[in-house]
Amino acid sequence: MIATPPARASGVPVDPATAPGIAVASELPDILPTVKLRVGVVGFVWRHPAIAIGSALLLAMLLIAVFAPWIGTVDPTALAPARRTREPSAAFWFGTDMLGRDVYSRVLYGTRVSLTVGFAVAILASLVGLAIGLVSGFIRWVDGFIMRVMDGLMSIPPILLAIALMALTRGSVGNVITAITIAEIPRVSRLVRSVVLSLREQPYVDAAVAAGTRTPMIILRHILPNTVAPMTVQATYVCASAMIIEAILSFIGAGTPPTIPSWGNIMAEGRALWQVKPYIVFFPAIFLSVTVLAINLLGDGLRDALDPRMVKRL
Amino acid sequence: MLAYIIRRILATVPVMAVVALFVFSLLYIAPGDPAAVIAGDQATPADVERIRQSLGLDRPFVIRFGEWVWQILHADLGTSIFTNLPVAAMIAQRIEPTLSLMAVTLVLAVSIAVPVGVVAAWKADTIIDRAIMAFAVLGFSVPVFVIGYLLAYVFALKLEWLPVQGYTPLSQGVWPWFKNLILPAVALGCVYVALIARTTRAAMLEVLQQDYIRTARAKGMGQTTIMFVHALKNAAVPIVTVIGIGIALLIGGAVVTETVFAIPGVGRLTVDAILRRDYPVIQGIVLLFSFVYVLINLLIDLLYTVLDPRIRY
Numbered sequence: 000m001i002a003t004p005p006a007r008a009s010g011v012p013v014d015p016a017t018a019p020g021i022a023v024a025s026e027l028p029d030i031l032p033t034v035k036l037r038v039g040v041v042g043f044v045w046r047h048p049a050i051a052i053g054s055a056l057l058l059a060m061l062l063i064a065v066f067a068p069w070i071g072t073v074d075p076t077a078l079a080p081a082r083r084t085r086e087p088s089a090a091f092w093f094g095t096d097m098l099g100r101d102v103y104s105r106v107l108y109g110t111r112v113s114l115t116v117g118f119a120v121a122i123l124a125s126l127v128g129l130a131i132g133l134v135s136g137f138i139r140w141v142d143g144f145i146m147r148v149m150d151g152l153m154s155i156p157p158i159l160l161a162i163a164l165m166a167l168t169r170g171s172v173g174n175v176i177t178a179i180t181i182a183e184i185p186r187v188s189r190l191v192r193s194v195v196l197s198l199r200e201q202p203y204v205d206a207a208v209a210a211g212t213r214t215p216m217i218i219l220r221h222i223l224p225n226t227v228a229p230m231t232v233q234a235t236y237v238c239a240s241a242m243i244i245e246a247i248l249s250f251i252g253a254g255t256p257p258t259i260p261s262w263g264n265i266m267a268e269g270r271a272l273w274q275v276k277p278y279i280v281f282f283p284a285i286f287l288s289v290t291v292l293a294i295n296l297l298g299d300g301l302r303d304a305l306d307p308r309m310v311k312r313l
Numbered sequence: 000m001l002a003y004i005i006r007r008i009l010a011t012v013p014v015m016a017v018v019a020l021f022v023f024s025l026l027y028i029a030p031g032d033p034a035a036v037i038a039g040d041q042a043t044p045a046d047v048e049r050i051r052q053s054l055g056l057d058r059p060f061v062i063r064f065g066e067w068v069w070q071i072l073h074a075d076l077g078t079s080i081f082t083n084l085p086v087a088a089m090i091a092q093r094i095e096p097t098l099s100l101m102a103v104t105l106v107l108a109v110s111i112a113v114p115v116g117v118v119a120a121w122k123a124d125t126i127i128d129r130a131i132m133a134f135a136v137l138g139f140s141v142p143v144f145v146i147g148y149l150l151a152y153v154f155a156l157k158l159e160w161l162p163v164q165g166y167t168p169l170s171q172g173v174w175p176w177f178k179n180l181i182l183p184a185v186a187l188g189c190v191y192v193a194l195i196a197r198t199t200r201a202a203m204l205e206v207l208q209q210d211y212i213r214t215a216r217a218k219g220m221g222q223t224t225i226m227f228v229h230a231l232k233n234a235a236v237p238i239v240t241v242i243g244i245g246i247a248l249l250i251g252g253a254v255v256t257e258t259v260f261a262i263p264g265v266g267r268l269t270v271d272a273i274l275r276r277d278y279p280v281i282q283g284i285v286l287l288f289s290f291v292y293v294l295i296n297l298l299i300d301l302l303y304t305v306l307d308p309r310i311r312y
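So the sequence lines, in the order shown, correspond to chains F and Y.
Using numbering that gives the first Met the number 0, the first residue of the first sequence is number 0, and each one after it goes up by one.
Using numbering that gives the first Met the number 0, the first residue of the second sequence is number 0, and each one after it goes up by one.
If we strip away everything but chain F, and leave its shape as in the complex, we get:
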């Protein structure tokens, strides 16, 4: 049966949904939502489970760090010799350490130190590494010199480099961040340099040069946007590595001062007693491992999502 044309001519409006034989989609919006939106959050999580799990865990840790004072914690530095080395119980969820301090509170407050160090190092190392990488990639005559210096720094194992720097200064969170940042910069600047060098060969950069675009504009328009994806992935790995190095430095007594509860410090203090009271070491250890795992998952997921070509590299 052929559909009858709408009865416009009669002047009577016809409801397309009820009019016989007429199929009109009345509900179609003017503009279709983008593909991503149509797939929705569920679709994104399904395609990138690593990003979803990683960011969910990391978000949980962030919330713990921010709300540490209000989630059942007491003063993490309050001494109570009368109730030292208590096993985990309803009163002390993670037990107490050898000075009677509440391990649960200390671990939760420790989240602040770890995340601060991790994020600060990731941001600082990225910015400085970006600057060095750009200079190295664009100004050829300093490239050789800068890269020899970076090779030299990279040939010192990062943990030893951080230890050597920390030995010079007093233990403080700021100094820990500086020391780890210096240890991480060479890797970031090498990455940026390699991205810059390969981008410079791109036809559109040649075209921009031919059109007379000035170098700062080329960097801003064509180079920088393309470094964002690899830099973001690299930043997550730097963040994870920084948190591990911070814990190691604190663990061997060259990091965050003992007055500040950090996961490395709690483990360092639990070291002497760990054979009889293993929980003092294990609770911060679990938090540290989960947080680093979350960041690594996020990094792997971002790497796969942002640049499928990078998957093969490692």
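Hints are all accurate, no fakes.
Taking lysine-lysine and the DSS-like style, the derived pairs with C-alpha atoms no more than 30 Å apart in a straight line are:
1) 276(F) x 157(Y)
2) 232(Y) x 218(Y)
3) 232(Y) x 122(Y)
4) 122(Y) x 218(Y)
5) 157(Y) x 178(Y)
6) 178(Y) x 276(F)
Bear in mind the hints are in silico, worked out from the structure with no lab data behind them.
All values derive from a computational prediction rather than experimental measurement.
Assemble the complex: chain F is given as a structure, and chain Y must be docked to it using the hints.
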């Protein structure tokens, strides 16, 4: 070939120069005045100044750096502030446990990681591959001291299969030596295994795409032969490279592992030196380990030409 080797060896000179300059600068700006320390509490400023001159501490940075390098080239790493012993002798005394730990870890890690990586590439995108890669992410994420305590708790404290802590010199028998090193080596090796396995998988996946693999399959060769003989040989360069680069993880991790397992090695020496602010010792260790690291990677670079005859520089 000879030209390449010479060029490659010369290329390490600027790298070592940067390391030396960095380490010397640390010593130079280290807080505390060695002259004042040696002079003692009773010394007058004139005494301190005289000692400073006799030690040559009043001379310019460049000259002191030159003399320091000259000393280093004669295997003189300076003297410990704390024990007054030569740093080189202190390190030599502690080097055996550290070398043992690193050697055992290296052998153990490589012999596990490479086959595991090959299998992951072989069974790519199956549940086996996913499981192996999930373990690799875990290996990257769980810090060495966490694995160390966990292993020691389960296998030494609860099951009592292996010693909790300590070190037995190799001279007292191979088995007692090895028994003490199993847990530390496994703990230290986890990150390393993860790194090598991941790289092996990626390198193998690349190689498996090539025509000669298809030819081998067409000829009816066994999968095992194709994987472990034909493919692995051609994937060797990136794998060997990452084994060399990963030595840095072992060196850094050894400091922590030795602390967890109470192994009296160079790592413990480092930690003690930090607590005592014994700068010459810290500097000596950093310099030595960096030198070893550069040397290993130099050897690996030279190995490329053997592994892949196509590489000609």
